[in-house]
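K.L.:
Let the sequences and hints guide you as you build the complete structure.
Listed below, chain by chain, are the residues.
2 protein chains.
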Amino acid sequence: MHTSLACLMKPVLYGYFRSSCSWRVRIAFALKCIEYDQVPVNLIKDGGQQLTDQYKALNPMQQVPAVSIDGITLSQSMAIVQYIDETRPGLRLLPADPKQRAQVRMICDLIASGIQPLQNLYVIQKIGAEKVQWAQHFINRGFEALEPILKQTAGTYCVGNEISMADICLVPQVYNAERFKVDINHFPTIKRLNQTLIELEAFKVSHPSCQPDTPDDVRT
Amino acid sequence: MHTSLACLMKPVLYGYFRSSCSWRVRIAFALKCIEYDQVPVNLIKDGGQQLTDQYKALNPMQQVPAVSIDGITLSQSMAIVQYIDETRPGLRLLPADPKQRAQVRMICDLIASGIQPLQNLYVIQKIGAEKVQWAQHFINRGFEALEPILKQTAGTYCVGNEISMADICLVPQVYNAERFKVDINHFPTIKRLNQTLIELEAFKVSHPSCQPDTPDDVRT
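Chains W and R supply the protein sequences, listed in that same order. Residue numbering for the first sequence follows the UniProt record's numbering, starting at 1 and increasing by one per position. Residue numbering for the second sequence follows the UniProt record's numbering, starting at 1 and increasing by one per position.
A few of these clues could be false.
Copies of one chain are not kept apart here, so a pair can be met inside one copy or by any two copies together.
[Stated by the list, open to error] Straight-line distance between alpha carbons at most 25 Å, and here's what the computed DSS-like set of lysine-lysine pairs gives:
(1) Lys151 to Lys56
(2) Lys151 to Lys99
(3) Lys10 to Lys32
(4) Lys45 to Lys56
(5) Lys32 to Lys99
(6) Lys10 to Lys99
(7) Lys151 to Lys181
(8) Lys181 to Lys126
(9) Lys56 to Lys99
(10) Lys131 to Lys204
(11) Lys56 to Lys191
(12) Lys181 to Lys204
(13) Lys99 to Lys45
(14) Lys56 to Lys10
(15) Lys45 to Lys126
(16) Lys151 to Lys126
(17) Lys126 to Lys191
(18) Lys99 to Lys131
(19) Lys32 to Lys131
(20) Lys191 to Lys151
Because the hints were derived from the structure by calculation, they are not lab data. This structure is a prediction, so every number in the text was calculated from the model and none was measured.
P.N.:
Right under this line is the structure:
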């Protein structure tokens with residue numbers, strides 16, 4: 001596709017309503033006020049639609065999300081979010097100060113490398129019967145580390161008083177924690193930040209409970 | 001500590017010779033020609049020195065690496081590498097073009113979120129008897145996705161003809177793969193890139209076989 005034509009087209013998000021990594025990308029699009037189309041990839045139905053050859057061509061890792069944007073296809077939610085941030089105007093998702101940027105990235109990576117990969121669908125399916133305890137263990141362990149870090153970095157939001165990629169990572173991870181019945185009351189800073197963020201429009205419109213592929217019995 | 005004084009001091013890397021995430025940071029320091037001090041944190045000895053209260057204060061996640069730099073302490077290797085890149089002159093570790101930057105980050109995150117966390121020491125200790133098969137499974141799965149991506153993006157290095165963070169992630173992951181006896185011959189692009197990179201000075205001086213805490217029987 002010719003690049004100039006590709007740039008005129010809306011980005012396409014291949015995602016799943018309940019996937020926390022898909023939600024990260026939806027929050028970023030919402031914060032940046034970017035219109036996009038969604039193509040649902042049902043991770044459960046038909047044994048997992050992410051396993052088809054058609055989807056594998058978009059993301060060889062066979063996970064959601066993937067995004068077609070500006071004539072290229074990207075996978076890995078944090079790479080997608082940073083590409084959106086670097087190429088689109090509006091709210092910036094990383095602070096200007098290098099030390100604050102590093103703190104934002106540290107929080108993002110603690111979640112995106114230290115927690116989420118260990119409790120995602122593919123991994124807990126391999127764990128089998130003990131999957132809930134496994135997921136709880138790794139979420140609790142991650143949150144025990146995240147809580148003292150956020151206590152130091154947080155203002156209104158995860159790092160200071162401006163929304164950043166750290167907030168984009170936090171809210172979907174808390175959502176996962178609640179699904180796995182982790183007691184968020186043990187983490188007062190995480191709880192307080194999540195309560196503040198979840199009230200913001202960008203986090204509401206992107207919430208798993210109201211996406212095109214959200215089943216009726218989950219929809220609120 | 002007063003910031004101006006902190007900036008005069010060499011960065012301190014808290015790491016472990018064999019940790020692939022510590023190696024990422026060592027490569028970045030070497031590529032940027034930055035002198036630094038190393039404080040070894042032995043992940044095996046005394047039940048794991050990363051579990052002490054002293055180390056937990058540096059990195060609540062109780063993992064290596066952590067880096068003290070410019071008066072702050074950072075954890076999460078990719079956040080550290082990007083902080084170094086954004087605050088130090090010399091070779092840039094991310095391309096200038098936004099699409100290439102996104103490709104570099106996609107490759108980094110595939111490794112740093114999609115492979116390494118699933119085969120790190122803490123996780124395979126929890127898996128127990130089947131730990132080698134578990135690690136092999138997740139490395140093979142990740143490399144099967146990485147190979148076609150690199151086939152599209154690679155020139156001399158992972159993305160085009162300039163060294164980037166993607167190369168910093170690739171080489172230590174191949175080292176882990178070899179430790180777990182994954183057959184790299186199945187992944188010709190990964191193998192070729194690794195062979196090229198491993199000959200570069202920055203990758204040699206930072207190699208696990210020649211660090212201050214490398215045991216004599218591993219040292220080459």
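K.L.:
With reference to the structure, classify each hint as holding or not holding.
P.N.:
Status of each hint after checking the structure:
Within a single copy, Lys151 and Lys56 get their C-alpha atoms only as close as 40 Å, which misses the 25 Å cut-off; across copies the closest is 15 Å, which meets it. Only within a single protomer do Lys151 and Lys99 lie at most 25 Å apart by alpha-carbon distance; the minimum there is 16 Å, versus 35 Å between protomers. Taking CA atoms no more than 25 Å apart as the test, Lys10 paired with Lys32 passes inside one copy only; the shortest distance there is 13 Å, against 39 Å between copies. Within a single copy, Lys45 and Lys56 get their C-alpha atoms as close as 16 Å, which meets the 25 Å cut-off; across copies the closest is 43 Å, which misses it.
Both within a single protomer and between protomers do Lys32 and Lys99 lie at most 25 Å apart by alpha-carbon distance, with minima of 23 Å and 18 Å respectively. Proximity of Lys10 and Lys99 under a CA criterion of 25 Å is satisfied inter-copy only: 17 Å between copies versus 34 Å inside one chain copy. When the C-alpha separation of Lys151 and Lys181 is checked against a cutoff of 25 Å, the pair qualifies only within one copy, where the shortest distance is 23 Å, while the shortest distance between copies is 42 Å. For the homomeric pair Lys181 and Lys126, the shortest alpha-carbon distances inside one copy (20 Å) and between copies (21 Å) are both at most 25 Å.
For the identical chains of this complex, Lys56 and Lys99 are inter-copy neighbours only, at 21 Å across copies versus 38 Å inside a copy, given an alpha-carbon limit of 25 Å. For the homomeric pair Lys131 and Lys204, neither the shortest alpha-carbon distance inside one copy (29 Å) nor that between copies (41 Å) is at most 25 Å. For the homomeric pair Lys56 and Lys191, the shortest alpha-carbon distance between copies (22 Å) is at most 25 Å, but the shortest distance inside one copy (37 Å) is not. Taking CA atoms no more than 25 Å apart as the test, Lys181 paired with Lys204 passes inside one copy only; the shortest distance there is 21 Å, against 46 Å between copies.
For the identical chains of this complex, Lys99 and Lys45 are neighbours neither inside a copy (44 Å) nor across copies (33 Å), given an alpha-carbon limit of 25 Å. Taking the closest pair of Cα atoms, Lys56 and Lys10 come within 25 Å of each other only inside a single copy of the chain (22 Å); across copies the shortest separation is 45 Å, beyond that limit. With identical chains, the CA atoms of Lys45 and Lys126 are at most 25 Å apart within one copy only, with a shortest distance of 18 Å there and 30 Å across copies. For the identical chains of this complex, Lys151 and Lys126 are neighbours neither inside a copy (34 Å) nor across copies (29 Å), given an alpha-carbon limit of 25 Å.
Proximity of Lys126 to Lys191 under the C-alpha cut-off of 25 Å is found in neither arrangement, the shortest distances being 30 Å within a copy and 28 Å between copies. Taking CA atoms no more than 25 Å apart as the test, Lys99 paired with Lys131 passes in neither setting, with 37 Å inside one copy and 38 Å between copies. When the C-alpha separation of Lys32 and Lys131 is checked against a cutoff of 25 Å, the pair qualifies neither within a copy, at 36 Å, nor between copies, at 43 Å. For the identical chains of this complex, Lys191 and Lys151 are intra-copy neighbours only, at 11 Å inside a copy versus 43 Å across copies, given an alpha-carbon limit of 25 Å.
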